[in-house]
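Asker: Spelled out from the first residue to the last, the chains are:
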Amino acid sequence: MTAQTAQTAGPGQDHNPLNPPQTKAVDGVTAARQRWMSVLARTPRTVLETKWADTYSDVKWSHLREPQIGMVMVRGRAGGAGQRFNLGEMTVTRCAVTLSDGTVGHSYVKGRDRLQAQYAALFDAIMLRDGSACDFIDDLAAAQANAKHEHARKVAATKVDFFTLVRGEDE
Amino acid sequence: MTLQSQTSELLPGFDHAAFDSNAVFRVLLDALSRPGRIYDVPVSVATPDGLNATTTATLLAMADMDTTIWLSPTCVTKAATDHLKFHCGCPISDDVAKADFAVARIDDDLSFITRLSVGNAEYPDQSATLILMVDEISNAPAMKLTGPGIKDSHDLDIKKLPASFHAWRAENHHMFPCGVDVIFASPTKIAALSRTTRIEVI
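Going down the list, the protein sequences come from chains A and B. Under our numbering, the first residue of the first sequence carries the number 1, and numbering increases by one thereafter. Under our numbering, the first residue of the second sequence carries the number 1, and numbering increases by one thereafter.
Bear in mind the hints are in silico, worked out from the structure with no lab data behind them. Where hints are given, some of them may not hold.
In silico BS3-like links for lysine-lysine, alpha-carbon gap of 27 Å or less [as the list claims (entries may be wrong)]: (1) B/K151 - B/K189; (2) B/K151 - A/K110; (3) A/K148 - A/K51; (4) B/K85 - A/K60; (5) A/K159 - A/K148; (6) A/K110 - A/K51.
Small disclaimer: the values here were computed from a predicted structure and weren't measured.
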């Protein structure tokens, strides 16, 4: 994956003088939150919905910002590290919720599924409140890593190496 | 895990962003088309410290990332700026000359109004809109309004409106097509003065 959304530009990859490297230190709490937010954003709505209904159905909450659908510019880098270019826009849905104790959860998910964004924000709030969905997030992360690995393995099996005979005229 | 304290006191915006902002926009349009007529704002919104309900609704409906907002020193609370930044994504400036919307209370020092942007001959629409938070708006005969949008004349009474305001309005009127529009926002009602409205103090 070399494409990344403008809002979550990967740390440590900025060499462009117009966009100086992000020097903002990502502390442990932020890094942990980034991890669970990214895991939640990749999780299908049905999984989140089922887990919420099973475990947290008695939690009182309200929308701070109703799920909104919009676009973000996705940027890529030539060759993964070269010049930055705009790859295209993608649809994202964002949502913010607040639990009855005032904890605020946010989410940005790709696509147009309002409920997925809402549940992702709810789980973010739960994680900020007491971290009780930690095991759930870990399971999801493991499953996602597994699926990614499996996909990479299948793709790798079809890899073809091309050889060109050097003819000598260009050293 | 620590709570993100900077976001934990955020208030919700409109219940139904599309319908409510539409309804508020309609009321503002009517109010500016018929200067001096008093309108109820048809939605209720959570109000941060420093603003009142109709001002909050007006800004939620009108402000976005392209509109700069200036809040008077008594309005510029953390709750208010957080609320506007979160829901509207609008820049909040401390330079009144850059403001597209300037918000103040009627009992503030209103000397800033002469520095509001009036637009220019090519783009008179780039002028600022002044939102004045007032305690009470009524149809008592304190000001007699005439001008476009008013059939004969219209009475309006804004409590505590200072004399300097009228002097500024008279000047503002002569700059047409440039000039500043004013929205009076009481806790439940609004009334507006377009730049063309003539005011006669009774």
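Asker: Now, for every hint given, state plainly whether the structure supports it.
Answerer: Now the hints, each set against the structure:
1. For the suggested pair B/K151 and B/K189, the alpha carbons sit about 22 Å apart, so the restraint of at most 27 Å is met.
2. For the suggested pair B/K151 and A/K110, the alpha carbons sit about 53 Å apart, so the restraint of at most 27 Å is broken.
3. Taking the CA atoms of A/K148 and A/K51, the gap is about 22 Å. The hint holds against a cut of 27 Å.
4. Restraint check: the Cα-Cα separation between B/K85 and A/K60 comes to about 26 Å, which is no more than 27 Å; the hinted pair holds.
5. Using a Cα cut-off of 27 Å, the hinted pair A/K159 and A/K148 holds, with the two alpha carbons roughly 17 Å apart.
6. Our distance criterion of 27 Å between C-alpha atoms is met by A/K110 and A/K51, whose separation comes to about 20 Å.
This entry does not satisfy hint 2, going by the numbered hints stated previously; all others are met.
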